[in-house]
Every structure is written in structure tokens, then in C-alpha cells.
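> Sequence:
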Amino acid sequence: MNGLVGSRRLASPVRLTLAKQLGRDIDGAWWPRSGSVAKELPELVEVLQRPLGEIVDININWSAGEGQLDLATIAAGSRTPAALKPTRPRVMMVAGRGQCVKLLVVPHMTSEALGGIVMRCAAGMPIESTVRNTTLYDTAVRIMGAAQSESVRWLGPRATGAAVSATGADASAGA
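Using our numbering, read the sequence shown as starting at 1 and increasing by one per residue.
A hint or two may mislead.
[To be verified] Label pairs and their computed distance ranges (CB to CB):
1) G53 to S129: 32 to 40 Å
2) T135 to A38: 27 to 35 Å
3) G35 to A113: 35 to 43 Å
4) R50 to M125: 15 to 23 Å
5) E66 to G145: 16 to 24 Å
6) P42 to D138: 31 to 39 Å
7) T87 to E54: 27 to 35 Å
8) G23 to T87: 22 to 30 Å
9) E54 to R33: 35 to 43 Å
10) R33 to S63: 29 to 37 Å
These are calculated hints, taken from the structure and not from any lab test. All C-beta atoms in this analysis are idealised placements derived from N, C-alpha and C, irrespective of residue type, glycine included.
Input sequences plus hints: build the corresponding full structure.
Below, the structure written as C-alpha cells:
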């Protein structure tokens, strides 16, 4: 049981996008409003219960001591040699009794313009043609490529949209 008894009204809606069909390398994105992921996690869990069922497992690919870069830095890192890459995109896997999702965690300080495009790309949502011809869109595409590669590297063969067994809440780094 998640300990959530009823729905509560959120001061700010959870910024979350999910693909219509789950099971891709990245199924969507979560964009916390503050640097405290732990404080916002209960709201994310509450929102994800509808599509996933009771949340039984959460895995993250980072540790508390890792600093977080902005998305533009992650995108620039995808063009540098592997030895010089400063960090990897933050990815989380949230498993419910019915399905699981792999989410790119968008850094809270990301600009509205870039964050919005990344959120749409992560969920496979349509992008206007006028946006596709911008530097921001190119950056979003590089970020998504890095996130998809990290998801495959980190989660490997268990990264499916299939049902998972209940293993309890595990918020440990899987890397």
C-alpha cells in the first residue's frame, strides 16, 4: 500500500507527460517544480496510480550526491567524447501492479521553452512544424537521444511496459 488514502488538491499540478503506448525506452517525462524531488514524489506517485495501478517499485539512476546539470549541458555532452561527458540524464522507472514507465526527469530550472518541447518529445506527442526548425528542438532531440541511451544502458532487458512483480518501494540507484 502506498499510504495514500484519498486524492488531495495540488497547489501546482504535477508536470508529467506519458506516451499513449508504454514500453518504449522513454515513456514520458516528469518536470519537478523544485530541486527537492523527494518532496514532490508523493504527488507523482498519486498521479501515476491511475495509469499504472498501485505503485510497487521506484528506481532511479542517480545518487543523492550527484549534482544535476541543466538539459542544455546534457545535450552538449552528447556531442563530446565519452570520457569527457560530465553527467547523464536522470531517468526513473516507476512500476505499478499493471505496468511500468520510464521517465526522463527534467531538471526543475529548465527554461519553459526547452522543458515544454522535451516533455512533448518524451511522450511522443506532436511537435509543431515551426518548432521543429529551431535550435531548441535540436537540443530536445539530443536530450532525448541521451535519455534513451541511458535508459537502455541502465535498465537493460527489464525496461518493458509489462506487469512487474511487487518488490516494495526501492528508490536506490540502479547504476
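> Starting from the hint 29 to 37 Å, judge whether the C-beta atoms of R33 and S63 obey it.
Violated, since R33 and S63 (Cβ atoms, about 22 Å apart) do not stay within the stated range.
> Evaluate the given range 32 to 40 Å for the C-beta pair formed by G53 and S129.
holds (37 Å)
> Can the suggested window of 15 to 23 Å be confirmed for the beta-carbon pair R50 and M125?
Because 18 Å falls inside the window, the suggested range holds.
> Determine whether the Cβ-Cβ distance between G23 and T87 falls within the hinted range of 22 to 30 Å.
Taking Cβ atoms as reference, G23 and T87 lie about 26 Å apart, which means the hint holds.
> Is it true that the C-beta distance of E66 to G145 lies inside 16 to 24 Å, as the hint says?
holds (21 Å)
> Could you say whether the range 35 to 43 Å given as a hint is met by the Cβ separation of E54 and R33?
With Cβ atoms ~25 Å apart, the hint is violated.
> Does the Cβ pair T135, A38 satisfy 27 to 35 Å?
holds (33 Å)
> For P42 and D138, compare the CB-CB distance with the range 31 to 39 Å and indicate the outcome.
Holds, since P42 and D138 (Cβ atoms, about 35 Å apart) stay within the stated range.
> Quick check: does the Cβ-Cβ distance between T87 and E54 fall within 27 to 35 Å?
The hinted range 27 to 35 Å holds for T87 and E54, with Cβ atoms some 32 Å apart.
> Is the distance from the Cβ of G35 to the Cβ of A113 consistent with 35 to 43 Å?
violated (20 Å)
Consistency note: the structure conflicts with the earlier hints numbered 3, 9, 10.
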